[in-house]
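Q: Here's the letter readout for the chains.
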Amino acid sequence: MKWGSVLFAAGLLAAAPAFGADVDYAASRIGFTFKQMNVPVEGTFRRFTAQLQFDAAKPDRSRAAVEVDLASIDTGSSDGDDESQHKSWFDVEAFPKATFQSNGVRRLGPDRYEISGTLTIKGHAQDVAVPVTIQRHGGTTMFDGAFTIKRLAFNIGEGVWADTDTVADEVQVRFRIVQRETGAKT
Amino acid sequence: MMNAFPLNATSRYTRTAIGLHWLVAVLILGSFAVGLYMVGLKVSPFKLRLFSYHKWIGVTVFLLALARIVWRWRHRAPALPAAMRPWERIVAHATHMLLYVLLLAVPLTGWLMSSAHGFPVVYFGVIPLPDLVGKNKELAEALETVHYVLNKSLLILVLLHAAAAIKHHYYDHDDVLARMLPGLRPRLTNKEN
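Protein sequence lines correspond, in order, to chains A and B.
Residue numbering for the first sequence follows the working numbering, beginning at -8 and increasing consecutively.
Residue numbering for the second sequence follows the working numbering, beginning at 309 and increasing consecutively.
These are computed hints drawn from the structure, not numbers from a lab.
Remember, predicted model here, so these are calculated numbers, not experimental data.
Treat the hints with care, since some could be wrong.
Selected chain A positions facing chain B (in silico; Cβ < 7 Å) [stated by the list, open to error]:
1. Q27
2. M28
3. V30
4. G67
5. D70
6. V151
7. D154
For each residue, glycine too, the CB sits at the ideal point set by N, CA and C.
Model the full structure from these sequences, guided by the hints.
A: This is how it looks when you write it as structure tokens:
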């Protein structure tokens, strides 16, 4: 699993120059919201890598691969940050990364696309369809999207935490990934 | 005020005042115990539930305290026993004033603290309260200290308040406790006997 991820990432990095665009991580963000006792709790992942190859003319030839470092979670409280690393949650020791690998891109409307692919967290793979707004301004492309997953489908929160009255099953994932054409950085 | 029994109106507390007093007493003692207990717990769904209950009780106390202040303002409280010395009257008034201030300030600092931690308060899991301050770690930690100190002050005042009521009942033999505790016989006569 670990080596697979590394090789996969290495392959993407090697391919990156061909895309002619780099992700601007300072401007990019992957966050999530879930409800705890019906209270919305927001968090982010501070470290992730994204490889995006987008061609508006040929959306079906576009690709997206994202890897999230789960240890970089920020839930807003140290209790939450620590707890999420444990076996019953992400089990970061065994599964340090969450990955998304696209297998198809479909145009929904002007600037709107649906990226379908496989989301793998904690060894569980699920097919997801992610609606994304893709906007280009000069050499900058912004990918904005949100989708909802069910944490229990990935075994996130086992045992006592499987009770969805306290921590809801639905988790909304939101992201903005900003890509700048090499040489067009501002 | 169109009250037919003005003397009666000031010799005892209204049923509303008595009801609110004891309801708030039970809620603050319960919330205090829950608050003290929950902070030491290991993270668990139980702990998260207790935090929510604690916040809901706190919001309830805040609202009831507001209601009590409005009620107190519209209905005169019974006069203090004539036998009380001037300094005792000053202490009694000051204690009551401070108790009202803390009944508002303690929940308010808890609410601010929750907001500063980035956790909005959703009353009974249904009504989201506005965040009075933005997420701010330093502020959250400072508010934790303020919330703690105010709670300890409230505890001391409540103990003083209860001790004074008991002293009035058993030592002074006046009706100070009886007028707030229905069913308890005023001991006015005992003194005269």
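Q: What hints, given by number in increasing order, does this structure fail?
A: Violated hints: none; all satisfied.
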